[in-house]
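**Student:** With the hints as your guide, set chain B onto chain A.
Protein chains: 2
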Amino acid sequence: MRDAYHEELDSIGDVLVDMAGLVGSAMARATSAVLEADLSLAESVIAADDAVDALQREVDRRATDLLVRQQPVAGDLRMIVSSLRMTADLERMGDLARHVAKVARRRYPDSAIPPELHSTIAKMGQIAELLVDRVRAILIDRDARAAAALESEDDAMDRLHRGLFTALLDESWKHGVETAVDVTLCGRYYERFADHAVSVAKRMVFQVTGVRDAVPEDFD
Amino acid sequence: MRDAYHEELDSIGDVLVDMAGLVGSAMARATSAVLEADLSLAESVIAADDAVDALQREVDRRATDLLVRQQPVAGDLRMIVSSLRMTADLERMGDLARHVAKVARRRYPDSAIPPELHSTIAKMGQIAELLVDRVRAILIDRDARAAAALESEDDAMDRLHRGLFTALLDESWKHGVETAVDVTLCGRYYERFADHAVSVAKRMVFQVTGVRDAVPEDFD
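Here the protein sequences come in this chain order: A and B.
Counting from 1, position 73 in the first sequence corresponds to residue 401 in the working numbering; the numbering is continuous, with no gaps.
Counting from 1, position 194 in the second sequence corresponds to residue 522 in the working numbering; the numbering is continuous, with no gaps.
Honestly, the hints are just simulated from the structure, not real lab data.
Check each hint, because a few of them may be wrong.
[Said to hold, decoys possible] Quick partial rundown of chain A residues pointing at chain B, CB under 10 Å, derived from the structure:
#1 Ala416
#2 Gln454
#3 His503
Here a beta-carbon is modelled for each residue, glycine too, at the ideal position from N, C-alpha and C.
Looking at chain A on its own, in the form it has when it is part of the complex (with noise of 0.2 Å):
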């Protein structure tokens, strides 16, 4: 059985877990609601980051706590401390999708989003909700292996982010300024997106593991 200690311990870790999945949903939301310029879905996403934010709170509190009461060494130490970070990288990644809302909010009824963008758009956020899915994989497996797959999916992002600009730089470009703003921004959310998943997953490696991989570099 376990004691109320690692039961707490466990705990947190389950709300990192819903973190993750609130996340994500939220990002693939986001995803319909700037591709779709979908008012509504656009508003509930941006209203749904408070729920995120008070996860944020909890984990920080009972995490803060665990510190203060148990004093805790070694493994959960190691495990308590990095879900502090954990939680700020989920925090952020609900941001961003909160962002990638509030652009399909300012620019409706029109879409932020030219349709020879869509699919890179598209594939952008499927990537996303991928490396969610992954990340919440890791969180409940504590499978260090699964975390480096996710490079490969930081890098099909990467790519993907490097087309917008091909576009956005094109003389073709048709769009005006606004769109290319916009195009700019969302972009990016993107791909910091990406960029939090996979911290959070070398996080993961680092508590289960005990070595220290570089927290990724943004790569724009």
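**Tutor:** Just chain B now, with coordinates in the frame of chain A:
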């Protein structure tokens, strides 16, 4: 006399002050590089960011060691945990200065900033420097009241950021899409730099007072 443990705590605080100094200097030089299309200055900012990253790793290693070896409680524990978060903010501020420098490098020998926006970006650079100066003073003096003053600087940054968008979206914009993209990105980098500076100050308030203020939203 201070014992070795408290000397180590103080010394971690000193490294945070050093990090703030480095990222402030980096953003000041990045601003000159992007305004004056100064390639060698841009290169020096890009190269110097490694030193900030190294200091972050040093603080993180030493803070984690202290947690493991000394089992600190209450105020000391709070200080160590918030140090771990402040290094993350400061490291990110270094990244953002590097991003501005990379924009300067990418557009060399042209300037990424059109003449009529020079004064706006120059002011954003000045506010970034002012914020870092205040953050350094707060880290040195541990003066929680001084942190409140940062909000007004951050509001000023926000107004300048909105001013950039107004210029970008004005029908009279004549600098094309590439410059619009660069101005959009630079605006975001300065605004995020300011957010992280406010975040460091708020963490210091929490460290000193134990009262957790919400970590700042970013305002776009």
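**Student:** What are the numbers of the hints that this structure violates, sorted from low to high?
**Tutor:** 2
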